[in-house]
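2 protein chains.
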Amino acid sequence: MNINISNANGEPIYLQIANQIKTLILEGKLKEGDALPSMRILATELRISFMTTKRAYEELERDGFIESYTGRGSFVKAQNLEIYREEQLKRIESLLVEASDTAQKAGITMQELHELLDLVNGGE
Amino acid sequence: MNINISNANGEPIYLQIANQIKTLILEGKLKEGDALPSMRILATELRISFMTTKRAYEELERDGFIESYTGRGSFVKAQNLEIYREEQLKRIESLLVEASDTAQKAGITMQELHELLDLVNGGE
DNA sequence: TAATTGTATATATAGAGGTTATACAATTCA
DNA sequence: TGAATTGTATAACCTCTATATATACAATTA
Numbered sequence: 060m061n062i063n064i065s066n067a068n069g070e071p072i073y074l075q076i077a078n079q080i081k082t083l084i085l086e087g088k089l090k091e092g093d094a095l096p097s098m099r100i101l102a103t104e105l106r107i108s109f110m111t112t113k114r115a116y117e118e119l120e121r122d123g124f125i126e127s128y129t130g131r132g133s134f135v136k137a138q139n140l141e142i143y144r145e146e147q148l149k150r151i152e153s154l155l156v157e158a159s160d161t162a163q164k165a166g167i168t169m170q171e172l173h174e175l176l177d178l179v180n181g182g183e
Numbered sequence: 060m061n062i063n064i065s066n067a068n069g070e071p072i073y074l075q076i077a078n079q080i081k082t083l084i085l086e087g088k089l090k091e092g093d094a095l096p097s098m099r100i101l102a103t104e105l106r107i108s109f110m111t112t113k114r115a116y117e118e119l120e121r122d123g124f125i126e127s128y129t130g131r132g133s134f135v136k137a138q139n140l141e142i143y144r145e146e147q148l149k150r151i152e153s154l155l156v157e158a159s160d161t162a163q164k165a166g167i168t169m170q171e172l173h174e175l176l177d178l179v180n181g182g183e
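Which chain is which? The protein sequence lines are A and B, in order. Each residue of the first sequence is one higher than the last, beginning at 60 in our numbering. Each residue of the second sequence is one higher than the last, beginning at 60 in our numbering.
Hints are computed from structural coordinates only; laboratory data are not their basis. All of these numbers come straight from a predicted model, not from anything done at the bench. The beta-carbon is built from N, C-alpha and C at its ideal position, and this holds for glycine as well. Check before you lean on any hint, since a few could be wrong.
[Stated by the list, open to error] Derived, one-sided and incomplete: chain B residues facing chain A with beta-carbon distance under 8 Å:
1. I62
2. A67
3. I142
4. Y143
5. Q147
6. L148
7. E152
8. T161
9. H173
10. L175
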């Protein structure tokens, strides 16, 4: 496991860890059943408290990416991409609701909103 | 000026004040040149520190809705609706960028994004 | 049974946000 | 001109939240 953390970064350590592991899983570099390093070992490698690695793993567990068992370790779960997709859709929906509300108050039309959406998508 | 504040509400007092005045201006109930109550008078009415009303007025000033002059008072500015619109467009753009990025990572297509946008707009 | 793994509870620490107090400066107006 | 009124500036206080940690406990492994 190649995890890199930076103090300079404003992002909290536990999120840096969780996000990097999440990416490895989504990219298929970590697969169902794969064992993650134990919380204590990873913490020692990164020279941080193992409670911080625990926090990272909790985050991943909460999001359905891994499972942990006392005495055994932590393992990558079968990825339910459909559930992940649904969760992201919910997040996107709330963003769009806010955008839509703001637009309405400012007299910005739906057509403009759609055009803007195409515009920001093109720019990547 | 009929301003209502609530402690029960999680929204900070200075924002409650600023938003209510902002709405009055956008609805045309307060017009260019109209005098706002002095910070101290409004604070006394609302039984809060006048630094909190000042904070509210600063917010409104920052957003271009009012102007304040030492010794004279605070007044509604000529509304530049075009500037307001541009600012809201910027806010909307950043929301759409985030939505678009999230969609891309989750394999959600632009078409779905557009459909979702229509959907959330219809529901109001 | 010793070592390893995850869990639970409590604590410290820092930082941000919101509200307030107090002293200062400019304008008004009697 | 001088008192009253208005906005400004700086600092302090309080609360809440988030981050990271320490330490004791429980389950599994080998």
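Comparing the hints with the structure gives:
Violation of the interface hint for I62 of chain B is found here, the shortest Cβ-Cβ separation to chain A being roughly 20 Å, above the 8 Å cut-off. The criterion of a C-beta within 8 Å of any C-beta in chain A is not met by A67 of chain B, whose closest approach is roughly 23 Å, and the hint is violated. Hint on I142 of chain B is violated. Least Cβ distance to chain A is approximately 11 Å, over the 8 Å limit. Checking Y143 of chain B against chain A by beta carbon gives a least distance of about 7 Å; that is within 8 Å, so the hint holds.
Using the Cβ-Cβ criterion of 8 Å, the hint placing Q147 of chain B at the interface with chain A is satisfied: the shortest such distance is roughly 4 Å. Here the hint on L148 of chain B is kept, as its CB sits about 7 Å from the closest CB of chain A, short of 8 Å. Interface restraint check for E152 of chain B: the shortest CB-CB distance to chain A comes to about 6 Å, inside 8 Å, so the restraint holds. Checking T161 of chain B against chain A by beta carbon gives a least distance of about 6 Å; that is within 8 Å, so the hint holds.
The interface hint given for H173 of chain B is met, as the beta carbon of that residue sits about 6 Å from the closest beta carbon of chain A, less than 8 Å. For the restraint placing L175 of chain B at the interface with chain A, the shortest Cβ-Cβ distance is roughly 6 Å, inside the 8 Å limit, so the hint holds.
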